[in-house]
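Engineer: Here's the letter readout for the chains.
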Amino acid sequence: SQKIEQNSEALNIQEGKTATLTCNYTNYSPAYLQWYRQDPGRGPVFLLLIRENEKEKRKERLKVTFDTTLKQSLFHITASQPADSATYLCALVGAGGTSYGKLTFGQGTILTVHP
Amino acid sequence: DAGVIQSPRHEVTEMGQEVTLRCKPISGHDYLFWYRQTMMRGLELLIYFNNNVPIDDSGMPEDRFSAKMPNASFSTLKIQPSEPRDSAVYFCASSFLSGSTDTQYFGPGTRLTVL
Numbered sequence: 097s098q099k100i101e102q103n104s105e106a107l108n109i110q111e112g113k114t115a116t117l118t119c120n121y122t123n124y125s126p127a128y129l130q131w132y133r134q135d136p137g138r139g140p141v142f143l144l145l146i147r148e149n150e151k152e153k154r155k156e157r158l159k160v161t162f163d164t165t166l167k168q169s170l171f172h173i174t175a176s177q178p179a180d181s182a183t184y185l186c187a188l189v190g191a192g193g194t195s196y197g198k199l200t201f202g203q204g205t206i207l208t209v210h211p
Numbered sequence: 006d007a008g009v010i011q012s013p014r015h016e017v018t019e020m021g022q023e024v025t026l027r028c029k030p031i032s033g034h035d036y037l038f039w040y041r042q043t044m045m046r047g048l049e050l051l052i053y054f055n056n057n058v059p060i061d062d063s064g065m066p067e068d069r070f071s072a073k074m075p076n077a078s079f080s081t082l083k084i085q086p087s088e089p090r091d092s093a094v095y096f097c098a099s100s101f102l103s104g105s106t107d108t109q110y111f112g113p114g115t116r117l118t119v120l
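Protein sequence lines, in the order shown, are assigned to chains A and B.
For what it's worth, my numbering labels the leading residue of the first sequence as 97, then goes sequentially.
For what it's worth, my numbering labels the leading residue of the second sequence as 6, then goes sequentially.
Derived from the structure by calculation, the hints contain no laboratory data.
One thing to keep in mind: the hints can contain errors.
[Stated by the list, open to error] With a Cα cut of at most 25 Å, we get these calculated PhoX-like pairs of lysine-lysine:
no., chain 1, residue 1, chain 2, residue 2
1, A, Lys155, A, Lys198
2, A, Lys198, B, Lys29
3, A, Lys113, A, Lys99
4, A, Lys198, B, Lys83
5, A, Lys99, A, Lys198
6, B, Lys73, B, Lys83
7, A, Lys155, A, Lys167
8, A, Lys198, A, Lys159
9, A, Lys198, B, Lys73
Since the model is a prediction, treat every value here as computed from it, not as a measurement.
Hey, can you work out the whole structure from these sequences and the hints?
Structural biologist: Here you go:
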């Protein structure tokens, strides 16, 4: 069955360091991969989208990589700040079959950036 | 734009009662999605509409759940009868294009508690 795993439930880092979050998937052929941020009591907010034929995408302090051979995406936040503390969700968009066009979310990683 | 609007924000009801959740998508968006989020199962897609027509309801857990979209600016998710295991946060999201090529904008969610 299709499975999406995000590295750990919680990640704690020091301010100024780079946070790296991992999203692994199995039995899936995604066309796109998206990353969302979710703050407590709020809905997810879109951050970045990367297509299967793209290796890397950047936006300000954010960087996403997508390796379809390893079936893995890495999400980096450089020069992290306490305001980056939130839950980060990866979501895969199916390329075909019953998952075509639909977002399937990972469980999320809770990131805490300590001052 | 005010973003996706959901009501109520919180709902507490007793088992067996009917529950209706409401959503107003962003004006001009063609797609509307209903999700459910729990600690155990994460964020799951229940159903989505394109131009007010239900496209995929394979995520609806059982016949107690139903969703409608009578016009482009309003959708409802109904649970009848409700059960304690339906307790979750329900999100509505909308997008201009399909979720695969455009970002989804999430509402603030409705926290449902069934006693």
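Engineer: CA of A:Lys99 to CA of A:Lys198, is that 25 Å or under?
Structural biologist: holds (14 Å)
Engineer: For the pair we were handed, A:Lys155 and A:Lys198, check the Cα-Cα distance against 25 Å.
Structural biologist: holds (24 Å)
Engineer: Is B:Lys73 within 25 Å of B:Lys83, Cα to Cα?
Structural biologist: Holds, at roughly 8 Å.
Engineer: For the pair supplied as a hint, A:Lys198 and B:Lys83, is the alpha-carbon distance within the 25 Å limit?
Structural biologist: holds (22 Å)
Engineer: Hinted pair, alpha-carbon criterion (25 Å max): A:Lys198, B:Lys29. Please report holds or violated.
Structural biologist: holds (20 Å)
Engineer: Given the hint that A:Lys113 pairs with A:Lys99, test it: the Cα-Cα distance must not exceed 25 Å.
Structural biologist: violated (30 Å)
Engineer: Going straight from one Cα to the other, do A:Lys155 and A:Lys167 come out at no more than 25 Å?
Structural biologist: holds (22 Å)
Engineer: A:Lys198 and A:Lys159: Cα distance at most 25 Å?
Structural biologist: holds (23 Å)
Engineer: Does A:Lys198 pair with B:Lys73 here, judged by a C-alpha cut-off of 25 Å?
Structural biologist: Holds, at about 19 Å.
Violated hint: 3 only; the structure is consistent with all others.
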